[in-house]
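Undergrad: Chain residues, written in single-letter form:
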Amino acid sequence: MIRVLFFGMLAGKTGCREFSLDMKKPQAPLKEVMEALHARFSGLPRAPYMTAINEEQAEASSVVKDGDEVAIMPPFSGG
Amino acid sequence: MIRVLFFGMLAGKTGCREFSLDMKKPQAPLKEVMEALHARFSGLPRAPYMTAINEEQAEASSVVKDGDEVAIMPPFSGG
Amino acid sequence: MAEAKDRPVRIQTDDFSVEEEVLRLREGSLRVGAVVTFLGTARDFSEGRSIRAIEFEQYSGMALREMTRLKEDALKRFAIIDVRIVHRVSRIAPGGQIVLIAVSAEHRKAAFEACLWCIDTLKKTVPLWKKETTEEGESWVVPHP
Amino acid sequence: MAEAKDRPVRIQTDDFSVEEEVLRLREGSLRVGAVVTFLGTARDFSEGRSIRAIEFEQYSGMALREMTRLKEDALKRFAIIDVRIVHRVSRIAPGGQIVLIAVSAEHRKAAFEACLWCIDTLKKTVPLWKKETTEEGESWVVPHP
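Chains as they are written, first to last, in the numbering used here: chain A, 13 to 91; chain B, 13 to 91; chain C, 5 to 149; chain D, 5 to 149.
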């Protein structure tokens, strides 16, 4: 199980802020997790997102392990 | 008569803050006023100064008239 | 325990005082010759629409961590003495204060460069999202590149 | 009669409040999205000598006129909303405030550029002279080019 967080407009588009995703294997590249999320949430636009694993910036090839927290983030707009 | 003001270190070097200079003619270029001041104050170093006539920046060729206020200023060091 | 406002990098709902943050930097060192601050405030107009209020969502944890990293990077990158960064996440009416970056240095050039770099980088690296409330409702802000 | 601190450009012996000057800029317009300030403070060390205090002489009249012109030129030159400039001329101990330039704008880039331009230009065009008191006595500061 991994904990997936949707931020900003993505919470609206998926109708979900926090989601528990079953991992079929002990680890997988983030790219595969994204595909599983697109399969589950048809409202999640196909766009490049900022992503983080356990609060650290990550990319498509980064490895997600069971128990990790994965954040899917639209472009930041602080300041 | 013109009123001459010395600022900053120049007041120390000339021993004078404010000086009344007799003009021999009704007007003269600032360059001539400077020469008269060098003749009067041997302690006034030969250096390029900021100068003003009646509180407006002036240069060697600017015209000084009887009754004007002339300021002789070392480089500014505000801020 | 230290008061919240003793912390030089923070995300908070409360408003902040520019003077107080500047004072902390001045008290930090007598070598300080320049303090440059950037204050971001809520405008009443955005993309042609009248704004009633703005609000921020943060990725709690990561946002503060990235802001702390921002400060550390600025200290490495520029000849400065100290940095303070405060960002609010509450509902803010037009005219209200959003974010403050305050940088102290011996000389002004480094302070200006570091302060500008910090706010530019904050916008790129800190997970915060702005929502605007207008007459037509709420909408998330899409940043310009 | 308006209070002295209502004037946006001034030379004074009294200390000033950064917060108050920033607040005046914020109150001036709801279009303000960025306020950049530069605060110059007295350092305890200069050219290897320990400083006890600094003091400023001004060409009274011309100094204020040049500072006012500086503000007008900045408003013409940059996409900014307003500028406030305060310079002290009293005896100032290390750590004390000397000068404040505060600039408001819709967007940060112009505010940063204008603020830096104002302090750089003030040093070149405003007739003010700094005198330092050290253990060895008083001496006028010769600015670096």
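Read the hints as simulated data drawn from the structure, not as lab findings.
Each hint should be verified, as a subset may be incorrect.
Stated by the list, open to error - A few chain A residues that face chain C, going by a derived Cβ cut-off under 10 Å, partial list only: (1) Met13; (2) Leu17; (3) Ala64; (4) Gln69; (5) Ala72; (6) Ala83; (7) Phe88; (8) Gly90.
No residue lacks a Cβ here, since even glycine has one placed at the ideal position from N, Cα and C.
Undergrad: Hint numbers the structure violates, sorted upward?
TA: Structure breaks hints 1 and 5.
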